[in-house]
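Starting from the known structure of chain E, fit chain F onto it as the hints suggest.
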Amino acid sequence: MTQTSRSTFLRAIGAALIAGAVSAPALAQQPAAGGSSPTVDAIRARGTLICGVNTGLAGFAQPDSQGVWRGFDVDYCRAVAIALFNDPDKVRFVPTTAQNRFTALQSGEVDMLSRNTTWTLSRDTSLGFDFTGINFYDGQGFMVKASLGVRSARELNGATICVQPGTTTEQNLTDWARASRIQFQPVVIERLEEVVNAYLSGRCDAYTTDVSGLAATRAVQARPADHVILPEVISKEPLGPLVRHGDQRFADLVRWVHFGLITAEELAITSQNIGQAANDARPDVQRLIGRSGDLGRMLGVDNAFMVNIVSRLGNYGQIFERNLVPIGIQRGPNALWTTAGGLQYAPPFR
Amino acid sequence: MSDITANSPPVAAGSPPRSAPITAVGPIAWLRTNLFSGWLSTAVTLVLGYLVIRAVMGFVDWAFINAIWSVPVAPNGQAQTQACRELQGSGACWAVVTEKHRFMLFGTYPYEQHWRPALVCILFVALYIVSALKRFWNWTLVPIWIGTLTAIGVLMWGGLFGLPYVPQERWGGLPITLILATFGLAFAFPLSILVALGRRSSLPAIKVLCILYVELIRGVPLISLLFMASVMFPLFLPEGMNIDKLLRAQIAIILFAGAYLAEVVRAGLQALPKGQYEAADAMGLSYWQKTGLIILPQALRTVIPPLVNTFIGFFKDTSLVLIIGIFDLLTAGKTAIVEPSWQGFGIEVYVFVGSIYLVFCFAMSKYSAGLESDLNRHRRR
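Protein chains in written order, with our numbering: chain E, 1 to 350; chain F, 1 to 381.
These aren't lab readings, by the way, just hints derived from the structure by calculation. C-beta atoms are modelled at their ideal positions from N, C-alpha and C, and glycine is treated no differently. Keep in mind that a hint or two might mislead.
To be verified - Computed spacing ranges between beta-carbons, pair by pair: (1) E:T125 / F:I347: 44 to 50 Å; (2) F:K366 / E:L148: 50 to 56 Å; (3) F:S373 / E:N197: 42 to 48 Å; (4) E:N197 / F:S355: 20 to 26 Å; (5) E:N197 / F:G219: 36 to 42 Å; (6) F:L358 / E:N197: 21 to 27 Å; (7) F:M57 / E:R181: 52 to 58 Å; (8) E:A98 / F:T140: 45 to 51 Å; (9) E:R223 / F:L46: 39 to 45 Å; (10) F:M228 / E:Q286: 53 to 59 Å; (11) E:R203 / F:T33: 46 to 52 Å.
Chain E with its partners taken away, still in its complex shape (with noise of 0.2 Å):
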């Protein structure tokens, strides 16, 4: 009961402090234009964006030996912090498990989910959420040893397979070797450090888990070369940020800060040259950079929001290169539709 009492206490005095910290800036920012977000209006009182994340996946949120939150959901997470605050601090993030994620959000613990969630139907409609794109095209792969010779998921005919149970890893590994009639043994393990040594050891003739996984894991081997991903995704992940249902004026600007990012890359604006964009005589970027088209204040922010983010943060490939690169995962499909012929498209920004 004390401690009950106690802590009420203490948390009213650190609220009224941040609140009094923090209220100066909120209350300066420019009022949202057509409508008000209930989501924003409490992050705006509150002075911070609480956001979603995992507890710990390698290049898309996990803390450093100091305790800062890095990664590529990070980042968005971020992003949208500076978007509303001008400051890539004003953000609070929750650890949330596979378990726990979907009410943290229901309930409001969280404004918005940064954490490689797959978008499917049944989230989107009947647990009353709002993807709001996709910022990482993922799927599930298979990885064998070089030493196999096998260059086709289609010849593990007979395999051992190493997956993890629980989420829809083993349930497409099924659903897939019934399609391609396909036999194989399944080694479960639930570990990933114990299921990553099953299969280095020879236990499993392969390991497969989302290709993302699968890159991370060879990256870090003493010779990557040794392992082969093969070509064959079974299954389709897209992973992105969302939010809950009915504040669609909070779910446009998480949407627009994603296509904002990809709107930078394709204009070739980067951390090191935003400085210079106000020169830049192309339209585009002249709204980008909410010198013209207001487009800002439509979305209830700042109309240099983007200018903030991707001075801080960098654009899309940036954030990707910083954060996903290093552990091996490649663009892929991750890549410009408009240079590369990757799958990442941004609607005109105007």
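What follows is chain F alone, placed relative to chain E:
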């Protein structure tokens, strides 16, 4: 003949006493009787001795001689762990602990403020030591606890005395484990005494209520209680109202520990002979006087071993909060090895985390053994 006896040299009164031969007493005799008493036992001793020495030498080789204590870190924050990987498991890579120990101990707490959770851990240990000393077993303990816990709260949250505010979701590591365990047991123990008394009460309403509580809570796993607290409970609350995640987990742990401890306490109550109750009644003591002065002191003394058993179990069970995304000591350790350059060095991290758990659990265990022999001195003959 008698003269022979008389002529034999008398035993010199002043000659030094001689000890028994070393084949009868001392370490060599002990070895002979216990380890080398026959050919079978000699063979078993030699084989086991060989295996133990091999294992110890292997461990020393791995943990100290071949171990790598630190690796260079590139300017972009990526650790260069090639040296560790080239060991191929023949030596420990303690570099992972060197690099990540502050994250494992304090989680995502702001780095430059780490002295605060460190001080909190020291305060907790000091609180345990003070509470363990018999000299403080009186009313002074109450202000000591309240004062220390307030200080701990101020240090962790901040927002006062110029300390920056740190929201709860940034807490992590050892302080979380100590908070969950300390508050959990501090609240669960009094609760369990009340429930145990209630279960033996003659008032049917109270009795049924206590039985229901114990059986319902004990009938489900702790994980499902934590899930209820973390996943289902928020859905029952009005939108926008949120009870802190740590507090919800804390309440689940208190309720769960309370049910288990209640049964332990009830065992102590039942072990007490009926004569004790009757003697207390005969002296005209009220129910609470009887319970506080006669029954509980004897009953709790009897159940010290199972009580400590449950305490130690719960200290380790706090690590289950990892499934609801709270970074306790073990979760922080697991998260530390998510980074690809550190993947594969789990053993080192688990040894580090395990030794911290061991220190606390072993201290609890030794203290309870001392307490037990101290309180049961009257029984020894």
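These are the hints, each one checked on the structure:
At about 45 Å, the CB distance of T125 of chain E to I347 of chain F agrees with the hint of 44 to 50 Å. Take K366 of chain F and L148 of chain E: their Cβ atoms lie about 54 Å apart, and the range 50 to 56 Å holds. A hinted range of 42 to 48 Å holds for the C-beta pair S373 of chain F and N197 of chain E, which are about 46 Å apart. Checking the proposed 20 to 26 Å range against N197 of chain E and S355 of chain F shows it holds: the Cβ atoms sit about 23 Å from each other.
Distance hint for N197 of chain E and G219 of chain F: a CB-CB separation of about 37 Å, consistent with the stated range 36 to 42 Å. Between L358 of chain F and N197 of chain E the Cβ separation comes to about 25 Å, which falls inside the hinted range of 21 to 27 Å. Between M57 of chain F and R181 of chain E the CB atoms are about 53 Å apart, so this pair conforms to the stated range of 52 to 58 Å. At roughly 48 Å, the beta carbons of A98 of chain E and T140 of chain F sit within the given window of 45 to 51 Å.
Checked against the hint of 39 to 45 Å, the pair R223 of chain E and L46 of chain F passes, with Cβ atoms roughly 43 Å apart. Distance hint for M228 of chain F and Q286 of chain E: a CB-CB separation of about 54 Å, consistent with the stated range 53 to 59 Å. In this structure, R203 of chain E and T33 of chain F meet the distance hint of 46 to 52 Å, their C-beta atoms being roughly 48 Å apart.
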